[in-house]
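A.B. asks: Take the sequences, apply the hints, and build the full model.
Taking the numbering used here, the leading residue of the sequence shown gets 4, the next gets one more, and so forth.
These are calculated hints, taken from the structure and not from any lab test. Fair warning: this is a prediction, and the values are worked out from it, not measured in the lab. Heads up, the beta-carbon is just placed ideally off N, CA and C, and yes, glycines get one too. Check the hints yourself; a few may be wrong.
What the hints assert, rightly or not - Per label pair, the in silico range of CB-to-CB distance:
1. Arg47 with His123: 31 to 37 Å
2. His40 with Lys156: 42 to 48 Å
3. Glu126 with Leu165: 19 to 25 Å
4. Tyr30 with Leu90: 46 to 52 Å
5. Ser36 with Asp131: 40 to 46 Å
6. Glu44 with Arg120: 21 to 27 Å
7. Arg98 with Pro27: 45 to 51 Å
8. Lys194 with Val34: 20 to 26 Å
9. Asn186 with Arg124: 42 to 48 Å
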Amino acid sequence: MHYFTHIRETSLSSSLEFIARVYPDIYLSVVHSSDPHPSLEMLRRESADILIVPAMPLGEHFVEHHRWSDHYVLAVAKSKRGAGRTLPELLQNTRYVAWRHTGLDRLHAQLAAAQVRLSHRGELSCIDTLLDLVAKGHCVTMVPATLLAGHHKDLESVPLPLGLLRQISVVARPASLLSSAANVVVQALRKPALKAVQGY
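C.D. replies: Encoded structure:
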């Protein structure tokens, strides 16, 4: 299984714990890829049985077995938000540092289409470093709301008026699902009773 997302965006971590506990005989290779433009090529080449990727057109050969959806929010330091600034003021007067992830191009395209102006000052791929900088008031960023849940007491999420969605799909090769092990993994990823993903 290959995944192209941050592990906290999905139920992957707790699903792996569930599989290890309930199905100890299943051997599962999990690979994280930082490719900014993921494709279904690994499924076509049969080098992976399951992909976790940003939602994309699948064609007739692949099936989406599960989808997580989350809204992007503007992450700001509570000290900045406490000053009563509006969303346009926060975006215009504070440096914006983007979280480098597989959905970034789509997010920026939607913002540009909505004529949202950003004071853009670069990108960071490490979400924890970026959120620490935001908490200290050095910049603002946009991330899926799940990544802020319960992690940073000095951060506040500001809703974006555009309803920008982060959608992540579980996709598998049809032949892979003939394997009971692959079916177990897909079913584990679908489990909604995982507190980490109650917001999806």
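A.B. asks: Can you let me know if the beta-carbon spacing of His40 and Lys156 is within 42 to 48 Å?
C.D. replies: For His40 and Lys156 the Cβ distance comes to about 35 Å; the hint is violated.
A.B. asks: Can the suggested window of 42 to 48 Å be confirmed for the beta-carbon pair Asn186 and Arg124?
C.D. replies: 46 Å, holds
A.B. asks: Mind checking the hinted window 21 to 27 Å against the Cβ distance between Glu44 and Arg120?
C.D. replies: The hint (21 to 27 Å, Cβ to Cβ) is violated, given that Glu44 and Arg120 are roughly 36 Å apart.
A.B. asks: Using the C-beta atoms of Tyr30 and Leu90, is the stated range 46 to 52 Å upheld?
C.D. replies: 48 Å, holds
A.B. asks: Honestly, do Arg98 and Pro27 meet the 45 to 51 Å range at C-beta?
C.D. replies: 49 Å, holds
A.B. asks: Does 40 to 46 Å hold as the CB distance between Ser36 and Asp131, or does it fail?
C.D. replies: Roughly 19 Å apart at Cβ, these two residues miss the hinted range, so it is violated.
A.B. asks: Starting from the hint 19 to 25 Å, judge whether the C-beta atoms of Glu126 and Leu165 obey it.
C.D. replies: 20 Å, holds
A.B. asks: For the pair Arg47 and His123, does the Cβ-Cβ distance stay inside 31 to 37 Å?
C.D. replies: Holds - the Cβ-Cβ distance for Arg47 and His123, about 35 Å, lies within 31 to 37 Å.
A.B. asks: Hint says 20 to 26 Å; check whether the CB-CB distance for Lys194 and Val34 agrees.
C.D. replies: For Lys194 and Val34 the Cβ distance comes to about 22 Å; the hint holds.
Figure legend: structure checked against the earlier numbered hints; hints not met, in rising order: 2, 5, 6.
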